[in-house]
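Residues per chain, in single letters:
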Amino acid sequence: MSVKIEVIEGGIPHQKIMIGGLVGTLVCLYLTYLNVLTNTEMFAFFGGLAMVIALIWGSHTIKVLCSYGIGTGVPSAGMIAFGSGVIAMVLATKPVFGMAAPIVATVLAALVGFILGYISNNILNMKIPAMVQALTEMAIVGALSLMGFAALMTGGFTFAGLTTGSVSMLGLSISSTANSFIGGALIAVAFLLGAIAIQHPFNATLGPGWKQDRMLMLTAECGFLSMIAAAFMSFALISMGAAIISLVVAIIGWAYTYNQYICLSKRDAAAWLDAKPIPEVEGH
Amino acid sequence: MSAVAAKPQAGGAMNPTAMAVGVVMLLIILALCYFVSPGAGLMALVGVIVGGVLIGFGTHFVPVGGAPAAMGQAPGIATGVAMLAAGAGLAGLFGGAWAAEQGLVVATITGGVGGGLMMAITCMMVNFVYVFGMGIPAASGKVLNDPITGDSQKEFKSQGTEGHGLPFVSFVGGVIGGFLGGAGGTIIYLQLLTLYEATLPAVMSMRPEQVMPIAVAAAGIFAVGLFLVNAVLTAYNITGTIEGPHDPKFKRWPRAIVASAVASALCGFLAILIVAM
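Chains as they are written, first to last, in this note's numbering: chain S, 1 to 284; chain Y, 1 to 277.
What the hints contain is simulated information worked out from the structure, not anything from laboratory work.
One or more of the hints may lead you astray.
[Said to hold, decoys possible] Straight line, CA to CA, 20 Å or less: simulated SDA-like cross-link-like pairs of lysine to any residue:
id, chain 1, residue 1, chain 2, residue 2
1, S, Lys-94, Y, Ile-257
2, S, Lys-276, Y, Ile-257
3, S, Lys-127, Y, Thr-199
[Stated by the list, open to error] Reference excerpt, derived from the structure (chain S facing chain Y, CB under 7 Å, subset only):
id, residue
4, Val-90
5, Ile-123
6, Pro-129
7, Val-132
8, Gln-133
9, Gly-241
10, Ile-244
11, Ile-245
These numbers were taken from a predicted model, which means no experiment stands behind them.
Beta carbons: idealized from backbone N, C-alpha and C, even for Gly.
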C-alpha cells in the first residue's frame with residue numbers, strides 16, 4: 001500500500017469537479033448539435049468549450065492519482081488518458097450510435113479505463129486506492145476532449161463528418177477524404193494538444209505550495225491555448241465565419257484565464273519582481 | 001511521511017489470481033473478436049496483441065532514469081518511460097510505415113532498426129553529456145561487474161548515489177528495447193492498416209484509393225495510442241525507473257506481458273469494431 005503524499009486541503013472536493021466536468025462536457029458537446037438544427041457551423045466553438053471543461057476535470061484527476069507517488073512522472077498519466085480514449089472516441093462516432101455518440105464514448109472509455117485500472121492495480125500490483133477510478137475518469141476525459149476537438153474543427157462528431165471534407169476547386173466543391181479530421185491526421189495534432197494540456201498544469205504547480213484554484217486556472221489557460229491552435233486548423237474544414245467565432249472565443253478565453261493565472265501566481269508567490277526587458281544602454 | 005519514504009509500493013510479487021483473471025479476459029476478448037469478425041479481424045487482433053506484448057517487454061530493457069538521473073544520482077536516461085518509449089517507438093513506427101509496402105517482415109525489421117537507432121543515438125549523446133558535461137563516469141549501482149564487459153563498477157560509483165551515467169549493459173539494453181518497441185509499434189500499425197484498407201471501402205462505400213488517407217491516419221493514431229498505453233503500463237510495472245536488463249526489476253516482466261496482452265487486446269478489439277460493425 002502506498003502512502004498518500006499530499007492531502008487536498010480546502011478547495012472544491014474531487015467528486016464535485018468530476019460531476020461538474022462530466023455534465024458540463026456532455027452539455028457543451030450536445031450544444032454543437034445546434035449546428036444541425038440551424039444548418040450552420042456557427043456553434044462549433046462549443047466543442048472547444050467542452051474540451052476545456054473536460055481538461056479541467058482531467059487535470060484534477062491527475063492530481064488525485066499523482067498524489068500517491070506513482071513514480072512514473074505526471075506526463076505519463078496524460079499520455080495514457082488520450083491513448084486509451086482515442087479508439088473509444090472514434091468507435092463512438094459510428095453512424096449506428098447517432099445522437100448518442102458522446103454518451104457511448106463515455107461508456108466505452110469508462111470500460112477501457114476500468115480494465116486498465118484493474119490491470120495496473122492487480123496484475124501489475126500497484127495497489128493504489130485511487131487507481132481504478134482515476135484511470136476510468138482519465139479515459140473518459142481523453143475520449144470526450146478528443147470529441148470536443150473534433151466538434152471544434154469539423155462542426156460535428158459523426159463518422160462521416162470526421163472522415164470526409166470538401167475541397168473547392170475552380171468553384172466546384174469536391175468531396176475529399178484527405179481534407180478531414182481523421183484523413184488529414186488532424187486527430188494526431190488534437191491528441192497531443194490535449195495530452196500536453198492535461199498533464200502540464202499539475203506538473204507545473206505541484207509541490208508544497210499547490211493551490212487548487214491556481215492549477216485549475218492554468219488548465220483552463222492551457223485548454224484555451226490548445227483551442228486557439230485547433231481553431232486555426234478549423235479554417236480548413238468549416239466555414240470562415242464559424243472558424244473566426246471559434247478563434248475569437250478561444251483568444252478571449254485565453255486572455256482572461258492567462259490574466260487570472262498571473263494574478264493567482266502573484267497571490268501565491270512569496271515575492272515577485274516585475275522584470276523589465278534588458279534596457280538599452282547608450283554610449284558604450 | 002516524506003516523498004522519499006513513500007516511494008516503494010509495487011513489489012516484485014506476482015498476483016496469481018489477477019494474472020488468471022487477465023488471461024481469462026484475454027480469451028474472452030479473442031472469443032468476442034472471433035464472433036464479430038472471424039477472419040481478418042481475428043488475425044489483426046492477434047497481430048495487435050503480439051505488437052503490444054513486444055512493446056511492453058521491450059520497454060523493460062530501456063534504461064529509464066527519471067529525475068534522479070538528471071541530477072546524476074541514478075543511472076539511465078534522464079526522463080520518464082512515456083517520453084523515452086514514445087520517442088523510440090514513434091521513430092520506429094515512422095521507419096516501418098515508410099517500408100509498409102514491402103511486406104510484414106521487411107517493414108517490421110525496418111521499424112525495429114528505426115527504434116534501435118533512435119535509442120542508440122540517445123544513449124550515446126546522454127553519455128556524452130554525462131561524461132563531458134557533468135563530469136561523472138558511468139557506473140551501475142545494481143551490479144558489481146558489468147554483465148557484458150565484466151568491468152568493475154563499484155570503484156566508480158559515488159557515495160550516496162545509486163550509480164550514475166550509462167554503463168555499457170544499459171546502452172545495449174536501450175538498443176534492444178528500442179528495437180523491440182519499434183518492431184512492436186510497426187506490427188500494430190501494419191495489422192490495422194491492412195484491415196482498414198480491406199474493409200473501409202465497403203463500410204464507407206467509397207473507392208479503395210479514396211479511403212487510403214483514412215486508413216493510414218486511423219491506423220497510425222491508434223498505433224500511437226496503443227503504444228502509449230503499453231509503455232505507461234510497463235512504467236507502472238517498473239515503478240518509473242529501471243537500469244536495464246541487469247536490474248532486479250527486470251524480473252517483473254511476466255506481469256507486464258499479461259498486462260500488455262490484455263490492454264492491447266481490449267484497445268485492438270475496439271479498433272476492429274470500427275470496421276466490423
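Hints, one by one, checked against the model:
At roughly 32 Å between alpha-carbon atoms, Lys-94(S) and Ile-257(Y) are farther apart than 20 Å, so this suggested pair is violated. Between Lys-276(S) and Ile-257(Y), the direct Cα distance comes to roughly 55 Å. Violation of the 20 Å bound is thereby established for this hinted pair. Between the alpha carbons of Lys-127(S) and Thr-199(Y) the distance comes to roughly 41 Å, so the proposed pair goes past 20 Å and is violated. Restraint check, Val-90(S) versus chain Y: the minimum CB separation of about 6 Å is within 7 Å; hint holds.
The criterion of a C-beta within 7 Å of any C-beta in chain Y is met by Ile-123(S), whose closest approach is roughly 5 Å, and the hint holds. For Pro-129(S), the interface hint is violated, since its Cβ never comes within 7 Å of a Cβ in chain Y; the closest pair sits about 11 Å apart. Nearest Cβ of chain Y to the Cβ of Val-132(S): about 13 Å, over the 7 Å cut. The hint is violated. Evaluation of the Gln-133(S) hint against chain Y yields a violated restraint, the C-beta minimum of about 16 Å exceeding 7 Å.
The beta carbon of Gly-241(S) comes no nearer than 27 Å to any beta carbon in chain Y, farther than 7 Å, and the hint placing it at the interface is violated. Here the hint on Ile-244(S) is broken, as its CB sits about 27 Å from the closest CB of chain Y, past 7 Å. Here the hint on Ile-245(S) is broken, as its CB sits about 27 Å from the closest CB of chain Y, past 7 Å.
Of the numbered hints listed earlier, those contradicted by the structure are 1, 2, 3, 6, 7, 8, 9, 10, 11.
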